[in-house]
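Colleague: Chain by chain, the residues run as shown.
Protein chains: 2
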Amino acid sequence: MSEELKNSLIVNAGIEQPDNINNSAIQRFKNLKRPRLSVDDYINGIVEGNITILSKAITILESTLAQHIELSQQIIEKSLPHACKSIRIGITGVPGAGKSTLIEKLGKHITNQGHKLAVLAIDPSSQRSGGSILGDKTRMELLSVDPNAFIRPSPSCGTLGGVARKTREIIVLCEAAGFDVIFVETVGVGQSEIAVHSMVDFFMLLQISGAGDELQGIKRGIMEMADCIVITKADGNNIQKAETTKGQYINALHLLPPKESNQTPQVITVSAVENNKIDALWKIVIEYINFVKENYFFDNNRNTQAKYWMNQTINETLSNHFKNTISKQQIKDIETKVINGKMTSFQGATILLDKYFNLLRND
Amino acid sequence: MSEELKNSLIVNAGIEQPDNINNSAIQRFKNLKRPRLSVDDYINGIVEGNITILSKAITILESTLAQHIELSQQIIEKSLPHACKSIRIGITGVPGAGKSTLIEKLGKHITNQGHKLAVLAIDPSSQRSGGSILGDKTRMELLSVDPNAFIRPSPSCGTLGGVARKTREIIVLCEAAGFDVIFVETVGVGQSEIAVHSMVDFFMLLQISGAGDELQGIKRGIMEMADCIVITKADGNNIQKAETTKGQYINALHLLPPKESNQTPQVITVSAVENNKIDALWKIVIEYINFVKENYFFDNNRNTQAKYWMNQTINETLSNHFKNTISKQQIKDIETKVINGKMTSFQGATILLDKYFNLLRND
Numbered sequence: 337m338s339e340e341l342k343n344s345l346i347v348n349a350g351i352e353q354p355d356n357i358n359n360s361a362i363q364r365f366k367n368l369k370r371p372r373l374s375v376d377d378y379i380n381g382i383v384e385g386n387i388t389i390l391s392k393a394i395t396i397l398e399s400t401l402a403q404h405i406e407l408s409q410q411i412i413e414k415s416l417p418h419a420c421k422s423i424r425i426g427i428t429g430v431p432g433a434g435k436s437t438l439i440e441k442l443g444k445h446i447t448n449q450g451h452k453l454a455v456l457a458i459d460p461s462s463q464r465s466g467g468s469i470l471g472d473k474t475r476m477e478l479l480s481v482d483p484n485a486f487i488r489p490s491p492s493c494g495t496l497g498g499v500a501r502k503t504r505e506i507i508v509l510c511e512a513a514g515f516d517v518i519f520v521e522t523v524g525v526g527q528s529e530i531a532v533h534s535m536v537d538f539f540m541l542l543q544i545s546g547a548g549d550e551l552q553g554i555k556r557g558i559m560e561m562a563d564c565i566v567i568t569k570a571d572g573n574n575i576q577k578a579e580t581t582k583g584q585y586i587n588a589l590h591l592l593p594p595k596e597s598n599q600t601p602q603v604i605t606v607s608a609v610e611n612n613k614i615d616a617l618w619k620i621v622i623e624y625i626n627f628v629k630e631n632y633f634f635d636n637n638r639n640t641q642a643k644y645w646m647n648q649t650i651n652e653t654l655s656n657h658f659k660n661t662i663s664k665q666q667i668k669d670i671e672t673k674v675i676n677g678k679m680t681s682f683q684g685a686t687i688l689l690d691k692y693f694n695l696l697r698n699d
Numbered sequence: 337m338s339e340e341l342k343n344s345l346i347v348n349a350g351i352e353q354p355d356n357i358n359n360s361a362i363q364r365f366k367n368l369k370r371p372r373l374s375v376d377d378y379i380n381g382i383v384e385g386n387i388t389i390l391s392k393a394i395t396i397l398e399s400t401l402a403q404h405i406e407l408s409q410q411i412i413e414k415s416l417p418h419a420c421k422s423i424r425i426g427i428t429g430v431p432g433a434g435k436s437t438l439i440e441k442l443g444k445h446i447t448n449q450g451h452k453l454a455v456l457a458i459d460p461s462s463q464r465s466g467g468s469i470l471g472d473k474t475r476m477e478l479l480s481v482d483p484n485a486f487i488r489p490s491p492s493c494g495t496l497g498g499v500a501r502k503t504r505e506i507i508v509l510c511e512a513a514g515f516d517v518i519f520v521e522t523v524g525v526g527q528s529e530i531a532v533h534s535m536v537d538f539f540m541l542l543q544i545s546g547a548g549d550e551l552q553g554i555k556r557g558i559m560e561m562a563d564c565i566v567i568t569k570a571d572g573n574n575i576q577k578a579e580t581t582k583g584q585y586i587n588a589l590h591l592l593p594p595k596e597s598n599q600t601p602q603v604i605t606v607s608a609v610e611n612n613k614i615d616a617l618w619k620i621v622i623e624y625i626n627f628v629k630e631n632y633f634f635d636n637n638r639n640t641q642a643k644y645w646m647n648q649t650i651n652e653t654l655s656n657h658f659k660n661t662i663s664k665q666q667i668k669d670i671e672t673k674v675i676n677g678k679m680t681s682f683q684g685a686t687i688l689l690d691k692y693f694n695l696l697r698n699d
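Order-wise, the sequence lines are chains R and L. With the first sequence counted from 1, adding 336 to any position gets you the working numbering. With the second sequence counted from 1, adding 336 to any position gets you the working numbering.
In short, the hints are calculated from the structure, not lab data. Given the structure is predicted, the values throughout are model-derived calculations rather than measurements. Among the hints, a few may not be true.
Since the list can't tell identical chains apart, any single copy or any two copies may satisfy a pair.
[Unchecked claim] Calculated lysine-lysine pairs in the DSSO-like style (CA-CA distance at most 27 Å, straight line):
#1 Lys643 <-> Lys659
#2 Lys678 <-> Lys691
#3 Lys659 <-> Lys691
#4 Lys619 <-> Lys659
#5 Lys414 <-> Lys392
#6 Lys678 <-> Lys643
#7 Lys421 <-> Lys643
#8 Lys673 <-> Lys414
#9 Lys629 <-> Lys678
#10 Lys629 <-> Lys673
#11 Lys673 <-> Lys577
#12 Lys414 <-> Lys668
#13 Lys414 <-> Lys678
#14 Lys668 <-> Lys421
#15 Lys643 <-> Lys668
#16 Lys678 <-> Lys619
#17 Lys619 <-> Lys577
#18 Lys643 <-> Lys595
#19 Lys421 <-> Lys678
Build out the structure end to end from the sequences listed, making use of the hints.
Modeller: As structure tokens, this is what we get:
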């Protein structure tokens with residue numbers, strides 16, 4: 337199915353077709369549409385590991401149509417008893433850090449061991465096109481045709497909160513479909529790392545060798561979230577440089593406080609191109625998971641994450657509701673007064689909150 | 337005025353006195369109470385730099401009585417035109433890092449140059465007693481009797497949000513009273529650093545020499561907020577160790593992303609006891625302030641901070657209102673279902689939000 341048609345399906349299903357879709361596309365769309373699957377059809381298909389049905393379920397999950405939202409929530413609810421049984425791994429690094437190449441090689445290593453791998457992404461900047469990351473499966477040639485791998489680009493829901501929520505729900509569906517290793521990829525330039533970190537069991541930061549010489553634009557705090565720093569492209573003339581970089585990161589990590597997991601972050605140099613140390617990297621992941629399962633951090637962390645996302649959703653909704661109720665101009669006016677020292681931040685907030693609760697009660 | 341009486345004044349002003357306050361205390365209390373000062377009396381006193389009136393205004397600000405809240409907001413509003421003209425410096429470090437000693441020596445250095453210095457603190461754990469930091473002025477022997485210095489312990493308002501708000505308001509009053517350098521001290525073990533960092537122009541992290549050998553319990557992300565890392569107690573046998581530590585921090589900072597201020601964080605070793613490099617530390621502060629005033633980061637940052645605190649107050653109030661409206665048990669029940677995989681975080685949040693808005697509309 338073409339990207340264009342898929343987007344139309346999301347946007348237009350059940351609605352009269354716009355003229356600009358060609359006839360064969362409409363025909364294919366109609367074929368896809370009929371017969372409609374029931375919730376149980378979806379669940380059975382997903383639990384059997386049927387990739388076509390899993391993909392359809394995700395497409396429905398990403399739809400903004402009211403009937404799809406209703407349907408997708410039912411699918412998720414019934415998928416939940418089959419979920420939660422995977423290792424979830426976050427992977428970040430700036431563009432050019434070698435994420436696609438590493439995911440391809442590490443992914444193949446994992447599926448070769450009999451695992452089923454789902455590769456997801458969080459990229460709030462992505463629009464209809466599927467965004468800048470994972471949009472191009474050609475960069476994962478082998479993995480994209482591996483029957484034990486499932487690659488899905490980032491949902492495009494505008495806000496990070498929306499994208500993150502969808503991704504968490506997609507994880508549930510993938511787990512129900514038997515994927516026991518989940519990658520969540522993101523780009524190392526923003527708030528999206530915090531979102532990914534809060535939905536995975538293991539967080540991997542990719543850095544290019546030579547990072548000690550030139551800063552790599554990784555946002556503050558990202559290094560401190562990492563369970564493992566992977567120095568990529570450690571091959572050819574780069575090997576010595578990569579080892580030096582490794583030493584620098586080990587020193588830097590040494591200055592950071594101990595992690596809640598009680599596990600010291602590892603630093604490793606790899607060459608995805610030469611398939612070097614990929615097995616060692618996977619061993620680090622497995623040893624970490626075993627360690628935190630034994631000291632109960634694994635379960636505690638997942639519980640903390642579940643509560644975190646519930647609170648996030650609540651607070652974000654409250655904040656959005658406030659912003660949608662009070663006019664932008666009113667907020668702007670008060671902000672200007674606060675910035676110009678005509679009132680304190682607290683006084684400004686009080687005025688706006690009074691307005692808000694009055695409007696709500698008279699609603 | 338004794339700490340005990342002050343607390344009674346806050347809690348009991350205008351209310352019948354409890355029996356457990358002795359008669360002379362009641363007499364002093366009555367003397368203090370009369371004559372009542374008007375808002376203009378307070379403003380005139382503050383702007384003249386009258387420390388007694390400034391202290392009284394802060395005490396009223398910290399009171400939770402309705403009439404005091406009203407009065408203090410009027411005082412702050414009228415103080416605002418006289419405020420914002422100081423350098424605000426945050427100082428953090430774990431207990432034992434030498435904060436009091438450094439504040440004493442750096443403070444004297446600053447007042448000797450003709451500046452007026454206010455030393456405030458944020459310690460949300462502090463209760464009636466005034467808390468664990470700055471409670472004991474004997475640790476700042478010279479500064480506490482310096483007519484150009486004003487030391488005030490942390491407000492004790494329970495939540496960090498409450499304490500932070502009061503401290504920001506106290507800064508306004510101190511600035512209106514002519515204090516042109518403000519220190520805000522905090523302990524390096526929690527969220528309070530983020531609060532302090534969001535209300536100062538320059539953020540200083542104190543580390544003991546030897547930090548490279550043993551971790552110092554500084555919370556994640558604190559190091560990345562620092563504009564300057566001060567290695568303390570660089571004297572006697574410690575000098576070499578302090579220099580090594582300095583080198584390690586310089587390397588570590590090198591791996592962090594550039595700061596928004598465009599200024600690289602400085603690392604310096606000092607000995608407060610031997611008064612060594614205190615002048616160099618102050619020079620770092622001054623040079624930083626000049627640099628960020630020139631590149632407009634100083635003003636931009638203050639504006640960002642003002643908006644941040646307004647949003648914080650709004651979001652915290654919305655969140656508290658939600659928690660006070662929905663029963664703890666209801667939240668707990670849903671949380672348990674989310675943790676046990678009976679529903680997603682999003683579904684849990686939706687149920688609670690529906691309840692909340694229904695209750696609000698029927699209020």
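Colleague: Give a verdict on every hint.
Modeller: Status of each hint after checking the structure:
1. Lys643 <-> Lys659: both (24 Å within a copy, 14 Å between copies)
2. Lys678 <-> Lys691: within (19 Å within a copy, 38 Å between copies)
3. Lys659 <-> Lys691: Intra 12 Å, inter 20 Å, cutoff 27 Å: intra and inter.
4. Lys619 <-> Lys659: The answer is neither: 47 Å in one copy and 44 Å across copies each exceed 27 Å.
5. Lys414 <-> Lys392: This pair counts as within: shortest intra-copy Cα distance 16 Å, inter-copy 62 Å.
6. Lys678 <-> Lys643: between (39 Å within a copy, 13 Å between copies)
7. Lys421 <-> Lys643: within (18 Å within a copy, 43 Å between copies)
8. Lys673 <-> Lys414: between (51 Å within a copy, 14 Å between copies)
9. Lys629 <-> Lys678: The answer is between: 22 Å across copies meets 27 Å, while 54 Å in one copy does not.
10. Lys629 <-> Lys673: For Lys629 and Lys673, only the inter-copy Cα distance (22 Å) is at most 27 Å; the intra-copy one is 52 Å.
11. Lys673 <-> Lys577: neither (53 Å within a copy, 50 Å between copies)
12. Lys414 <-> Lys668: Close across copies (22 Å), not inside one copy (45 Å); limit 27 Å.
13. Lys414 <-> Lys678: between (55 Å within a copy, 9 Å between copies)
14. Lys668 <-> Lys421: between (47 Å within a copy, 24 Å between copies)
15. Lys643 <-> Lys668: between (33 Å within a copy, 10 Å between copies)
16. Lys678 <-> Lys619: neither (59 Å within a copy, 33 Å between copies)
17. Lys619 <-> Lys577: within (24 Å within a copy, 37 Å between copies)
18. Lys643 <-> Lys595: within (20 Å within a copy, 32 Å between copies)
19. Lys421 <-> Lys678: Only across copies: Lys421 and Lys678 sit 15 Å apart there, 55 Å inside one copy, limit 27 Å.
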